[in-house]
Amino acid sequence: MTRAFAPRSRPSLARYLAAAVVLLASAAPAAAQILDRSMSAPHPFGLLLGDVFTLRTRVDVAAPFKLDASALPKPGPVTYWLDLRSITIRESTTPGGATRYEIAAEYQTFYAPLEAIEQTVPSLKLVVTDGKGGRAEADGASWSFITSPLRPIAATAGAASAYGLRPDALPIRKSLRDAEIAAGAAGGATLLALALLAWSRAWPPFHRRPSRPFASAARAVARQAKAGDEGWRNAALSLHRAFDAAAGRRLLGEDLSAFLAGRPSFLRLEPRIRQFFEASRQAFFGAAPAVSRMPADELLALSRSLAAAERTS
Amino acid sequence: MRLGLLKGIVPVVLLLAALGWFGSALWTLQGERAERAVFDALASRRDVAPPDDASGELLFARAHFLLARDRIDEAQSLVGPLVERGGPKIAARFYYDVGNARARRAVGAIESSQIDKAIPEVRLAKDAFRSALRADPDFWDARYNLDVVMRLVRDFPEFEGGEEETKAQPKKLWTDLPGRPRGLP
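Chains as they are written, first to last, in my numbering: chain X, 3 to 315; chain R, 31 to 215.
Because the hints were derived from the structure by calculation, they are not lab data. For glycine and all other residues, C-beta sits at the position ideal for the given N, C-alpha and C. Check the hints yourself; a few may be wrong.
Said to hold, decoys possible - Quick partial rundown of chain X residues pointing at chain R, CB under 8 Å, derived from the structure: (1) Leu51; (2) Gly166; (3) Leu167; (4) Asp170; (5) Pro173; (6) Ala188.
So that you can see chain R by itself, here it is in the shape it has in the complex (with noise of 0.2 Å):
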């Protein structure tokens, strides 16, 4: 009777567990095209903002157009659920995005000679390339560039926690490059 009984039940749970998993996979890829949509429409270089939802793949994509039009703070608004749900991988390759767009700022104002402005900028480059490699130390490309910013203010440690830094005198810029001739030594 025991084996009996199991004999009429087991293809009933079988098929409502096969339901179960079934509708999942729909829901899944369901959830995956309405991602891929606004990712495609943000390649288009059309400004659609992702679902609340978003997954943290998706969000840095919008992260990423937001950054390459130089409007920092509202891609800097989506920092909190994209390393949530991104994980470091993500996160490193946002911080990387925020530090590239600050840093083409500053060189912006260095080649419009505004030293003031340029210096905060290199310091918040240097805050977000560092933390792109915090979350993920094998970023070449972070290296690379944070390299790169360190050059136009150099780090001293009389200016660490302190205020000064930002109001440092325009010398401090490393000056291997501003009016440097390019392409020949």
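Next up, chain X with everything else stripped away, as it sits in the complex (with noise of 0.2 Å):
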């Protein structure tokens, strides 16, 4: 026995050694393919019931080889007193080569013990394959730890009720303040949104916008166009002093191209202004009726256009 440690005999021993391993290897086909294992857990100690607890298993897996998820247990009860409730696989690679898995297991313990006393979470099973029906199997770590009650065997004084139940839950009256908080809230931005409108078209109270010259004059030609040809001087009259108060002073037919020069938006109905004031100079200064020329309808309809054609210049 004593040769077998000389430095002369090291070579056999070496070779024994390798045998052994070899013998190991296909004893445990599990330590060539699972290379390292390890698992973390919380402290094993005064864990009550109902109490939830994780155990992080991590798995190196040499690299044909993956870990079968199906062999691993699914959630739900575990045994009598402990569920399985949830459990989450992380994959990623080691510097080496390998693959590592990360299990978190998150278990549910509802042993009720009478005394501080130690129960054990089973171990999980690792199932590797590498796809082409190589198959290996090792158990994972198992995790033993106390468990305390809550409450000592003889009845307590603070027991009120029979069997010292704790009370029901009551359900809470929900509050309307967010609700009531949203609908103020909601009504206030209607309004606000109402007011925008009303002065981006020169509704009333925003009717005597300055800006807003033509916009007055619809209203204006609506009232007073079809009240016969006076109505329709009226009207026209309405409408002129809105083109003076865009032009910033009195405007006639012939400033007509400056004007129109200066705002693209009236460019679109030019035909129509101009035939509005040849109409109008008819009307004021010539002999022909007026109405012959441009019938209120189309009076009216240009003074709306021009109110439209105000608001997006």
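Both chains are sitting in their own frames, so use the hints and assemble them into the complex.
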């Protein structure tokens, strides 16, 4: 025996060792594919009925092999006192080229101990396959912890109702405040949007907006244009005053080109505007009745088009 | 012209959006007012059935009303929509109240020495408290009451999945409860 440890016999010892490793490998192939496994767990004491804890198992698997996730337990009862709440697997690659699996198993204990007692969570069964029929198994670590009772065995003095049950959970009367605030805010926003629209269209109370002369002219035309020859003249005058206000000075037919050049949104209406100026000249300074040149409906339509064009300028 | 078009359209779009928001806010407020009315009726001990589209919280209020009156089967018919709409917290409180109702029945049976009736009720109470803890592990009252009913009838590994537990002998009843003088240890 002593000779076996002499320097001279080292080569033969190494051979024995090598043979032993080969034997081990053939007897337990898992050792070859599952390179490393370890588990981290929370403090193994002070757990109570209903506590949730997570056991993290880390497994390194040699390259062609993959962890068979279907061999791991499914969430649900594990034993009569232990539930598996969830199990998640995270996959990554180690620097050595192996696949690393981090399995997080979340358990919940329902053990109701009468005194502090040790309980054991069964180990996970790890199965790896290479997809070509190769298969190896290993057990993860099991974990023991000490679980403690919530109350003593003898009835406690504080137990009020029969058998000391805690009272029912009561429904909560929901506050309406949030819904009321939301409705108020929405109502305010609606009023604001309405005011913005009224301002943009020069509706009352914004109908005297100086930058919207055609909007008020359109309203005046709508009132007056249908009232015969006299009404037509009044309507045309209202429209002229709007042109004057828009131009900033008295606008005559000859100045129209200069006026329109600065207002691209009115260009589309140019022929009708010219027609209106011509009709108005005939009505005020000519002999022919004006209505024959530009009917009241057309005048009204023109004034409304002008109001719309004014909003978009 | 593009900018001009925008200036013409934006106020209209804003108004429509605000109107939509206002309408939905009013609708929500109206719905919550209606729920509150049913809730208050239940709280004042009137037997009112909630509407079909009631929220989880209102369904729980109804279940609580039923469970407090020992109408457990009616309350349990609410479990599907209650869990679906109320989420885990309300589900946990519902299961907990079911467990309490079962436990009250069991205690009543024990006190009138009807052990055969008590055991299945205790088992159902345990299941209910476990469901409550699964839904909300931080529900300490459920832990406590589960511990209480666990001591009425212990779990044993050999009963797992079997029918024996319902046929268990009266001596399986944990003995710290009936007949024990209360008050002093």
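Hints and how they fare:
{"no.": "1", "hint": "Leu51", "in the structure": "holds, 5 Å"}
{"no.": "2", "hint": "Gly166", "in the structure": "holds, 6 Å"}
{"no.": "3", "hint": "Leu167", "in the structure": "holds, 5 Å"}
{"no.": "4", "hint": "Asp170", "in the structure": "holds, 5 Å"}
{"no.": "5", "hint": "Pro173", "in the structure": "holds, 4 Å"}
{"no.": "6", "hint": "Ala188", "in the structure": "holds, 4 Å"}
Violated hints are absent here; each numbered hint is respected by the structure.
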